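Trainee: Each chain, written out:
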Amino acid sequence: MRVFSDLMWFFQEHRKRYLGGIALLIVVAVIALIPPKVVGIVVNELAHRTLTSTRLFYALLAIFLSAVISYGIRYLWRILLYGGSIQLATDLRTRLYQHFTLMSPQFYHQKRIGDLMAHSTNDVQAIQETAGDGVLTLVDSITTGTVVIATMAATISWKLTLIALVPMPLMAYAVSRYGKMLHQRFSLAQAAFSDINDRVQEYVSGIRVVRAFGQEEWERKNFVALSRDVVDKNVSVARIDSLFDPTISVIVGVSYFLSIAFGADFIVHHQMNIGQLTTFTLYLGELIWPMLAFGFLFNIVERGGASYDRVQTLLNITPEVQDRPGASATVPSGDIHYDISVFQYPSGDRPALHDIHLDIRQGETLGIVGRTGSGKTTLMRLLLREFDVSGGDILIGGQSIYRVTLKALRQCLAYAPQDDFLFSATIAENIAFARPTATLPEIQRVARMANIADDIGKFPDGYQTLIGERGTTLSGGQKQRISIARALLQDAEILLLDDTLSAVDGRTESNILAALRQNRAGRTTLIATHRLRTVEHADQIIVLEDGTIAEWGTHESLWALGGRYREMYQRQQLENLVEKGGDRA
Amino acid sequence: MSLEAMDFTPGMGQKGTLGRLLRYMLPYRKKVLASLVILLLATATDVFQPILIKIFIDGYLIPRHFPQKAMILLGGGYMLLVLLTAGFNVAQLLLFQVLALDIIQNLRVELFDKVQTLSLAFFDRTPVGVLVSRLTNDTEAILQMFMTVLSTFVQNITVLVGILIAMFALDARLAAYCLVLMPVTALIMMLYRKVTSPVFHMARQRLSLLNAKLNESLQGMSVIQAMRQEERLRGEFGAINNDYRRVRFRNMQLNALLLRPLMDGIYLLALMLILWYFGERSFSHLVNIGVLYAFVTYLSRFFEPVNSMLQRLNFFQQAMVSSERVFQILDNPDTAPQQEGTDHPAIHEGRVCFEDVSFSYDGRTDVLKHISFTAMPGQTVAIVGHTGSGKSSTVNLLMRFYPVERGRITIDGTDLRYFSDHELRRKIGLVLQDPFLFVGDVTSNIRLGNTFVSDSEVAGAARFVQADGFIEALDQGYHAPIGERGATLSTGQRQLVSFARTMAMNPAILVLDEATASVDTETEDAIQRALEKMRHGRTTIAIAHRLSTIQDADLILVLHHGEIVEQGTHQQLLAHEGLYYNMFLLQQGSTGLGAN
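In the order they appear, the protein sequences are chains H and A.
Quick note: the first sequence uses the numbering used here, first residue 1, plus one each step.
Quick note: the second sequence uses the numbering used here, first residue 1, plus one each step.
Hints in this document: simulated from the structure, not taken from any laboratory.
Note that this is a predicted model, so its numbers are computed, not measured.
Beta carbons: idealized from backbone N, C-alpha and C, even for Gly.
Be aware that a few hints might be false.
[To be verified] Each computed DSS-like pair below joins lysine-lysine, with the alpha-carbon atoms no more than 25 Å apart: (1) A:194 / H:221; (2) A:427 / H:407; (3) H:479 / H:458.
[Stated by the list, open to error] Residues from chain H shown here face chain A by an in silico Cβ test under 7 Å; the list is partial: (4) 2; (5) 5; (6) 75; (7) 91; (8) 236; (9) 238; (10) 285.
[Claimed, not checked] Per the computed footprint, the stretches of chain A lying under chain H, defined by three or more beta-carbons under 8 Å from a beta-carbon of chain H, are: (11) 80 to 88; (12) 358 to 367; (13) 473 to 480.
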């Protein structure tokens, strides 16, 4: 029940809705008393042969009116209460999404996307049920229960009411007990189902091993056994499940039996009449649902509470990277200065970068080379403030990047990341991602700069071509170039290319680099790459090794140095040769 | 094929799908019949209860005459009926549910068997998640349909019919009036289905849109943040979220209009009909209060089944979509190459011969062109070449993962097509690039399902490839648990376990798809020593990435764009100073710096 007080903020926010809904529930519980009463009166008059057509007409009219009114009210409270729960689910999803947009990469390292999705769907669904069905069953079982029992006791016979209710607590007990057993067995069934899921997943992933070793029979045996286990666990659920309704019907049957037997006795002793007995049994019918619901309530609330806790835990995580107090909103500009003594990822066991002291003048191009894991990407991610440096500082135009807002900082940076993530949208929308208001000529201009315009022209739908899961599949090189165009459209002072040319062939690459030189005069570019030719013409090149600068200079000076840079360069030349088929010419 | 394409189902039509699904009940017709009989009994004892009360009211209560024997009979009879109903119901509910579960078990196994026969090409283009979902989630949705059809529809319709029969037995004229309820409820059901199924469909679609947006945003969050688009994306998500809310609200509104409140209303109208009938008759005839009581009771029971059927209609829809998807896989003609002929040729010596083999995955571009070579028994043939030169395709053909359509491959002079799967898998040992390990322990990963391999043979195989050292150092030795994809072991250790797995089969021919992954020097040495031992005395086809490991090969084939451009021994190829020579130089040159 604690979840109701946890959700109180929502109920208060929507108090009109909830108070109205609860009031209507009470009204409808009272109106529902009328038809059985009328039936009782008619039965009595039939028994005493006193019924007249006028009285019959009024009786029918009373039932008709209560039918129409309660239809309206039942519709209305559903709109109010269920409408509220749908609104709550919507609000929670909005909150979660908003929260997700504030979280830094660190958060996404720790959480699996599948789990985050599950919180936003299943958990929100369970909370919605608590705020809808949960509130309904709570209010309904209390109001209908009280109103009906009170009426039975007051207007018919309190003795008979007590007698008829004797088996009812057993029902609430049975429902909650079965509910609990069902829940336990159902969890086991779910676990078995997830086992078979995992197994099938593994089977499909390892299909080559299965085939190569002729393990089909064995896998079949495993699958059949696991599937059998799912069946068995579900049969054990079914065992309880099929007890459920019949148990209820026995208890209800006993209750009816007691009412009729003792009711008959009361009639004989003139303590009540046949019409009242009819009304009584009809009332008894109306009590079944609230009793059942009360049993269900515990299960709904238990699940809703657990889900609400999970969602709250998620919402309470504070973002690792946020604006510092007093941060300026002025977009920084000027030379970049790295001054990092040490940086370690929160989950890392050794420094990712150390002793990086580096100046990049405004308008320069910096080439960053080094093998995988040497720290190239980290250097860029720190500039973007995906992670914060504790041991050191990074300055742009003499201003620490920690003294401006995230928004201002990222406005001077255009980033084309390594994993070239594109959205399921049109090509134009993807290129204009950072500036959705961009005109088509602007989009075309950057597409030409990124050497992707010709490719786009070849698609039947041109810039309107849908890409991503539902659309055209692009090659790695095409994706990279779109990602570059997307970054170029930002028209930012500093461009970061994180190995974004790796899948582009040599000639296209030099076209892009030439276009960049031409169009980005006076603005800074950082290029991280495996391919040394890409940064041959850079103003300065650093060779990163194990998180620090191993060599530094221009292509010429590094070549002359005869160190790792030169070694890598020669090796790559030879590699090219092999790719081309080995002709030395 | 994308996930969406898999979702697309060209119309077999729902009728055909449902019919085909129901045929899965045929093997169980006796059980179905038995359950139906019990269901009929349960319904009969159920609808008979109000009749006993009617007899009590009209025969004894109104005349105020209570003979003890009759009372005990009536009371005892009533309680007996209550208990019998409950007992029959427990039995039939359980029987129907178990039946549905058994049917699904069969369907699942049938589907799995079908998947086992599908070609690797099918696996290549079907995302893992989609296939897993077909085998588990979709069959689960079909289970819901069997539960719904069997448990809800059959039962509720039986109860409805039972109630009507009882009503006719009590008062045929009034029962005839009450028959009006049937078309009315049928009409409401149709109306409900008609108006809600587009809304329900829309809600599902909006939900998947919402999930897709959320999923994509979570994946691309770093891009969104780097480009400062959080605000806009929140807006977009908000719009979708709101859209979903509207559809959900609409759905709920329709439910509120057409489900319970409406049924409650109709119940009251029917109650009016009954009262009017008895009232009108009472002016001219004597009426039986007991009959009135029984009718009122039946009426209150009439709508529960209707309500529960209405609520299940949408599940039904969903199950149909799932079944169409499942049937699509069951009908997939793209099966893996099977043995041809009925002979049982055996592999003894292990002479492998490629004769002018060309191959294409998509029917357009050839990835292998006119490949011919022979590996004599015990020889090692190494295939080298850059990425995409066709090395792995050679292995795929030799393993008969794909059919050889042009040219032919023979083993010991017999065409590959004529061997049984069993013979091929036992005699050709494949060591894969990615040493895929299963969840389990070390022993189960070496033995796999080959129960004929004893524990000591497992240990022997491990010793042979010198994996025994590290295995015995593990906490539980040969029974050390292995996590998903072998995550608990290092890359090199995984390699060695997969070697042991191959050697436990003691194959005549060894196919090595050498790993590119770099491991520490010590493990690398262990791997090389193991490979050398494994190759000894076996025909070996080795795909090599490190030229240093194949210098002693009897024949080296250099593949370039699917063609053999150079062949010979290591010395011959070096003397030729061609592609092999360049590759060799490249690998000799810089071992320390790895440009990808």
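Trainee: Hints first: check each against the structure and report whether it holds.
Mentor: Verification of the supplied hints:
Pair hint residue 194 (chain A) plus residue 221 (chain H) does not hold up; C-alpha atoms about 45 Å apart against a cutoff of 25 Å. Distance hint between residue 427 (chain A) and residue 407 (chain H) is unfulfilled; the C-alpha atoms sit about 64 Å from each other, more than 25 Å. Restraint check for residue 479 (chain H) and residue 458 (chain H): satisfied, since their Cα atoms lie roughly 15 Å apart, inside the 25 Å limit. For residue 2 (chain H), the shortest C-beta to C-beta distance to chain A is roughly 26 Å, which exceeds 7 Å, and the interface hint is violated.
With its C-beta approaching chain A no nearer than about 25 Å, residue 5 (chain H) sits outside the 7 Å limit, and its interface hint is violated. Evaluation of the residue 75 (chain H) hint against chain A yields a held restraint, the C-beta minimum of about 5 Å falling below 7 Å. The interface hint given for residue 91 (chain H) is violated, since its Cβ lies 9 Å from the closest Cβ of chain A, which is over the 7 Å cut-off. Using the Cβ-Cβ criterion of 7 Å, the hint placing residue 236 (chain H) at the interface with chain A is not satisfied: the shortest such distance is roughly 11 Å.
Residue-level restraint check for residue 238 (chain H) holds (minimum Cβ-Cβ distance to chain A is 4 Å; threshold 7 Å). Because the closest C-beta pair between residue 285 (chain H) and chain A is about 5 Å apart, less than 7 Å, the hint holds. Residue count for the region 80 to 88 of chain A with a Cβ under 8 Å from a Cβ of chain H: 5. That meets the three needed, and the coverage hint holds. As drawn, the region 358 to 367 of chain A meets chain H at 0 residues by the rule of a beta-carbon pair under 8 Å; below three, the given contact is violated.
Only residues whose beta carbon comes within less than 8 Å of a beta carbon in chain H count, and the region 473 to 480 of chain A has 0; fewer than three means the coverage is violated.
Of the hints listed earlier, those the structure fails to meet are numbers 1, 2, 4, 5, 7, 8, 12 and 13, in rising order.
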